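Enquirer: Please put together the full structure from these sequences, using the hints given.
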Amino acid sequence: MNHVVGSVNDTIVAADRITRVFPMPAGPVVAVRDVTLSIAPGEHIAIRGPSGCGKSTLLHMLGCVDAPSSGSLVFEGHDVAGLNDRARSLLRLRHIGFVFQRFFLLPMLTAAENVELPQAEAGVPAHARRRRSRELLEYVGLGARADHRPSQLSGGEMQRVAIARALANRPRLLLADEPTGELDQATGEHVAALLDRVNADGTALVVVTHDPVLAGRARRVLTMRDGRIEGEVRQ
Amino acid sequence: MMAPLAFAWRALVRQPARSTLAVLGVAAVGALLLDMLLLSEGLVLSMRELLDRMGFDVRVTAGDTLPGAGPEIADATAASAAIGALPGVRSVTAIRSEAADLHHRDRQADAAFIGVSGTPRVWTILRGRDPAGRGELVLNQYAAETLRLVPGAVVTVRAYCGDDDAAPPPVEFRVAGVAELPFDTPEAASAATFLGDLEEACGTPGAGRADFLAVTSTGDAAAAAAAITAARADLRAFTNDQLIGRVQQGGFTYFRQISTVLATITITFALLLITVLLTVSVNQRLGEIAALRALGFSQRRVVLDVLCEAALIVGTGGALSLPLGLVLAVWLDGILKRMPGIPTEMHFFVLEPQAFVVHGLLLAATALVAAAYPMRIVARLPIAATLRNEVIS
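For the record, the sequence lines run as chains L and U. According to my numbering, the first sequence is numbered sequentially starting from 110. According to my numbering, the second sequence is numbered sequentially starting from 14.
Note that these hints are calculated values from the structure, not bench results. Possibly wrong hints are sitting among the right ones.
As the list claims (entries may be wrong) - Selected chain U positions facing chain L (in silico; Cβ < 7 Å):
id: 1; residue: 22
id: 2; residue: 23
id: 3; residue: 27
id: 4; residue: 30
id: 5; residue: 292
id: 6; residue: 299
id: 7; residue: 301
id: 8; residue: 304
id: 9; residue: 307
id: 10; residue: 309
id: 11; residue: 396
id: 12; residue: 397
id: 13; residue: 404
Claimed, not checked - Using C-beta positions, here's what the derived DEER-type ranges look like:
id: 14; chain 1: L; residue 1: 264; chain 2: U; residue 2: 339; range: 35 to 43 Å
id: 15; chain 1: L; residue 1: 236; chain 2: U; residue 2: 30; range: 32 to 40 Å
id: 16; chain 1: U; residue 1: 344; chain 2: L; residue 2: 244; range: 55 to 63 Å
id: 17; chain 1: L; residue 1: 232; chain 2: U; residue 2: 332; range: 29 to 37 Å
id: 18; chain 1: L; residue 1: 138; chain 2: U; residue 2: 335; range: 53 to 61 Å
id: 19; chain 1: U; residue 1: 30; chain 2: L; residue 2: 344; range: 50 to 58 Å
id: 20; chain 1: L; residue 1: 138; chain 2: U; residue 2: 313; range: 27 to 35 Å
id: 21; chain 1: L; residue 1: 236; chain 2: U; residue 2: 395; range: 21 to 29 Å
id: 22; chain 1: L; residue 1: 136; chain 2: U; residue 2: 30; range: 38 to 46 Å
id: 23; chain 1: L; residue 1: 135; chain 2: U; residue 2: 270; range: 52 to 60 Å
id: 24; chain 1: U; residue 1: 313; chain 2: L; residue 2: 133; range: 26 to 34 Å
id: 25; chain 1: L; residue 1: 135; chain 2: U; residue 2: 367; range: 58 to 66 Å
id: 26; chain 1: L; residue 1: 137; chain 2: U; residue 2: 367; range: 55 to 63 Å
Stated by the list, open to error - From the derived model, a few chain U residues whose C-beta atoms are all more than 10 Å from chain L:
id: 27; residue: 57
id: 28; residue: 180
id: 29; residue: 311
id: 30; residue: 364
Keep in mind the model is a prediction, meaning the values are calculated, not measured. No residue lacks a Cβ here, since even glycine has one placed at the ideal position from N, Cα and C.
Expert: As structure tokens, this is what we get:
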């Protein structure tokens, strides 16, 4: 990957006045407008705001699955705009973990196999990725369910497997989009606690959520409205 | 487990009904495709095998037509002697065919009556022996059964050798044996004897006429044919290859055209079937695919997964199509051979390695083309928009 423009150690991702515009038949829609944000290693950030305020779009840009229409985004020293699709895929594979509201586990694979997937794509040898998958499933409290398929797991268990999968390649940044959105309150609490533990163990965490309780666990809480960061609270 | 092929296998097993339907569809289409490929060259190959099996590699005719379809060679005896003296020629057999009535007691059969000169014989003895002297003939199995004749019995032959209805007096022949004659058709009687005996039965002894001459070269059929044409400019000499070429230019091209049209239709059907099933399958998994891309799976990898699914469907269906196609070919061959005038030894469907190679290549190309559209969907999948849409939906 080329386009190294910043230090690798002090910031994982730095967004400078990034804007995302979606062309629509009725006219362009500005989903994210002039957002400047940097995420340091080990940070715990929550992004909250009403539906349609641009939280997920911002998260997708920070995770390099979407590109800003303008502004600059630097991930671990690499100008993301200068990376081709393959380089971005590699960057996501090795440095970023994603947790989705709807889990997106592959139903034909067991929990352990789902956790192995990103490792296999990264070229980790079979014995090493099996060991890592078992460790991660133990870490999320599902060691006994390693051979179960998603259809045999509860919603909370599926999200815990998804978190284990996101951690498979030891990312520096974990992005979670409404991770408790499909879970009941008690199960959501367990998942939130697990995410806290992941962060405490050194992985920077950005959570997009409607849930004020989940947002309240973060040390930085960004509030978005109409595509802008309206406020930031450090706690 | 994680290799694209194994991953694709898991994806197919996940939807067993749909995958089974796809594999069965490809198996049926593949079987039809194989049969069309066998049919396109079957008659030509069968004809070639039949010509080769008779032991001659050059045919000489009086006109520019296929042997037996044009004018007679009026001086067949002299022509045989002249051609037989050529250095590249091992043997010459004059062959003439006429119509005849065969009678035995109260039984009668219309028959093809064939006269041949010299050796090798054009028939294969099944029972009894070759005619050893004058007044002997061989019958085919159908004639022997119809007239209830066995070797040693006597049969009366009334030959019809001219264009008029006047027939020479009947002649008695002794049945030397029962034989399989080339180009025999089912439920048609045939008898064969020496050319001289046929001429006597025709009432024209020593006529020395033949429909064509069958020649065995010393090894180089093309050189022998060229030498014959040079020696007798009034005759046409065809190697077996040239004869097959003429056959291919003639009526047999219909089968190739029909099989080409049907093969194209079956491949198109397979394309649509696989494309639709893969597209539906991919569309149902867009969220999962987008999630995999977000987790770092490359575009190449997710495209390869779809291609592997197509390859597995077509590969499994194609493998099943081979026995299915062969069974179907035997059945269809039996039906087509019931057409009148088709020699017993001729087949419409003939197994040949090239047909299997083409079958495999066509199916592989089908898999590739059928996967093109779903692969394009996956390759161009907007990750962020898909993840957003999945949540909204």
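Enquirer: Against this structure, judge whether each hint is valid.
Expert: Okay, the hints, checked on the actual structure:
1. A least Cβ separation of about 9 Å between residue 22 of chain U and chain L goes past the 7 Å threshold, and the interface hint is therefore violated.
2. With a least beta-carbon distance of about 4 Å to chain L, the hint placing residue 23 of chain U at the interface is held under the 7 Å criterion.
3. Proximity of residue 27 of chain U to chain L holds as hinted, the smallest CB-CB distance being about 4 Å (cut-off 7 Å).
4. Proximity of residue 30 of chain U to chain L is violated relative to the hint, the smallest CB-CB distance being about 14 Å (cut-off 7 Å).
5. Contact between residue 292 of chain U and chain L, as hinted, is not supported at the beta carbon level, the nearest pair being about 19 Å apart and thus beyond 7 Å.
6. Evaluation of the residue 299 of chain U hint against chain L yields a violated restraint, the C-beta minimum of about 10 Å exceeding 7 Å.
7. Evaluation of the residue 301 of chain U hint against chain L yields a held restraint, the C-beta minimum of about 5 Å falling below 7 Å.
8. Annotation: interface hint on residue 304 of chain U holds; nearest CB of chain L at approximately 3 Å, less than 7 Å.
9. At about 5 Å, the closest approach between the beta carbon of residue 307 of chain U and any beta carbon in chain L falls short of 7 Å, and the interface hint on this residue holds.
10. For the restraint placing residue 309 of chain U at the interface with chain L, the shortest Cβ-Cβ distance is roughly 2 Å, inside the 7 Å limit, so the hint holds.
11. With its C-beta approaching chain L no nearer than about 4 Å, residue 396 of chain U sits inside the 7 Å limit, and its interface hint holds.
12. Nearest Cβ of chain L to the Cβ of residue 397 of chain U: about 4 Å, under the 7 Å cut. The hint holds.
13. With a cut of 7 Å, the hint placing residue 404 of chain U at the interface with chain L holds, because the nearest CB-to-CB distance is about 6 Å.
14. Take residue 264 of chain L and residue 339 of chain U: their Cβ atoms lie about 52 Å apart, and the range 35 to 43 Å is violated.
15. Checked against the given bound of 32 to 40 Å, the beta carbons of residue 236 of chain L and residue 30 of chain U, roughly 36 Å apart, stay inside it.
16. In this structure the supplied range 55 to 63 Å holds for residue 344 of chain U paired with residue 244 of chain L, their Cβ-Cβ distance being about 60 Å.
17. Under the hint 29 to 37 Å, the C-beta atoms of residue 232 of chain L and residue 332 of chain U, about 32 Å apart, fit the expected range.
18. The hint said 53 to 61 Å for the Cβ distance between residue 138 of chain L and residue 335 of chain U, and at roughly 56 Å that hint holds.
19. For residue 30 of chain U paired with residue 344 of chain L, a C-beta distance near 53 Å keeps the hint of 50 to 58 Å intact.
20. Separation of residue 138 of chain L from residue 313 of chain U is about 32 Å and conforms to the stated range, judged on CB atoms against 27 to 35 Å.
21. For residue 236 of chain L and residue 395 of chain U, the hinted distance range of 21 to 29 Å is not satisfied, since their beta carbons lie about 36 Å from each other.
22. In this structure the hint that residue 136 of chain L and residue 30 of chain U lie 38 to 46 Å apart at CB holds, the actual value being about 45 Å.
23. For the pair residue 135 of chain L and residue 270 of chain U, the supplied restraint of 52 to 60 Å holds, since their beta-carbon distance comes to about 55 Å.
24. The given range of 26 to 34 Å is respected by residue 313 of chain U and residue 133 of chain L, whose C-beta atoms sit roughly 31 Å from each other.
25. For residue 135 of chain L and residue 367 of chain U, the Cβ-Cβ distance of about 60 Å falls inside the hinted range of 58 to 66 Å, so the restraint holds.
26. Remark: the range hint 55 to 63 Å for residue 137 of chain L to residue 367 of chain U is upheld by a beta-carbon distance near 59 Å.
27. For residue 57 of chain U, the requirement that its beta carbon stay farther than 10 Å from each beta carbon of chain L is met, with the minimum near 49 Å.
28. The beta carbon of residue 180 of chain U is kept farther than 10 Å from every beta carbon of chain L, the shortest such distance being approximately 81 Å.
29. At the 10 Å boundary, the C-beta of residue 311 of chain U falls inside the reach of chain L, the nearest C-beta of that chain being 4 Å off.
30. Separation of residue 364 of chain U from chain L is adequate, the least Cβ-Cβ distance of about 39 Å exceeding the 10 Å criterion.
In summary, the structure is inconsistent with hints 1, 4, 5, 6, 14, 21, 29 from the numbered list given earlier, while agreeing with the others.
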